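Quick note, this note's numbering runs 679 ahead of the 1-based positions in the sequence shown.
Hints listed in this document are in silico derivations from the structure and should not be mistaken for laboratory results.
Careful: at least some of the hints might be erroneous.
Stated by the list, open to error - In the SDA-like style, the derived pairs of lysine to any residue whose C-alpha atoms are separated by at most 20 Å in a straight line are: (1) Lys-779 with Val-714; (2) Lys-782 with Lys-732; (3) Lys-826 with Phe-797; (4) Lys-771 with Thr-744; (5) Lys-782 with Lys-820; (6) Lys-779 with Gly-809; (7) Lys-822 with Asn-786; (8) Lys-771 with Ile-791; (9) Lys-829 with Phe-784; (10) Lys-779 with Glu-804; (11) Lys-822 with Arg-799; (12) Lys-737 with Thr-726; (13) Lys-771 with Glu-804; (14) Lys-822 with Glu-724; (15) Lys-829 with Ile-791; (16) Lys-737 with Gly-809; (17) Lys-820 with Thr-810; (18) Lys-781 with Tyr-743; (19) Lys-829 with Ser-729; (20) Lys-826 with Ser-814; (21) Lys-782 with Leu-772.
What the hints assert, rightly or not - Each pair of labels, with its calculated beta carbon distance range: (22) Asp-794 with Lys-831: 16 to 24 Å; (23) Thr-806 with Ser-728: 14 to 22 Å; (24) Phe-713 with Thr-773: 17 to 25 Å; (25) Ser-711 with Lys-820: 33 to 41 Å; (26) Asn-731 with Ile-830: 18 to 26 Å.
As the structure is a computational prediction, the values presented were derived from the model and not from experiment.
All residues carry an ideal CB built from backbone N, CA and C; glycine is no exception.
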Amino acid sequence: MKNIIKIVLLIAVIPLAFCGCMRCENKTVVTSPFVESFLANYSYELTDSSGNKLAEGKMKTRIYTEPDFTGTFTSAKLTEDNPLSILSADGKLTGTLDEKNKKAFINMNPGIADDNVFLRFTVSESTLDGTWERSGMTGIKGKGIFKATKIK
């Protein structure tokens with residue numbers, strides 16, 4: 680009887696093991712049009728609450744593993760004496776995409792636990808609109824407006 684149960688389980692498990700990726704088609708990951716549109720190159724700017732531009736740059740959202748994504752960015756700080764002075768000239772970013780609500784979150788300093796720049800925004804066809812904040816061990820050190828436009 681135990682051998683029959685093992686055989687039945689083996690027959691059920693083997694096809695699942697060879698199915699592989701549930702979102703794959705011909706070894707290409709299939710994602711929704713929304714996700715495909717989001718994975719792009721963007722030109723962005725970070726301003727203070729008064730609209731004074733503090734930093735600008737480009738970012739690329741690339742690798743998506745639901746709901747997380749990774750990418751890269753370049754940054755040019757327009758003044759050294761601003762809350763975004765911790766941004767490097769280029770770096771890696773990590774984030775989470777909420778496809779249902781069309782919102783996303785990015786950490787622009789994922790390698791550091793106590794001094795980060797976070798972006799929270801709404802995703803549309805060609806723009807990302809939201810806020811940024813620099814957060815550290817002592818709390819929020821600065822915040823403002825984040826805007827990005829897809830580069831065609």
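Of the numbered hints stated earlier in the document, which are not met by this structure? 2, 5, 13, 15, 19, 22
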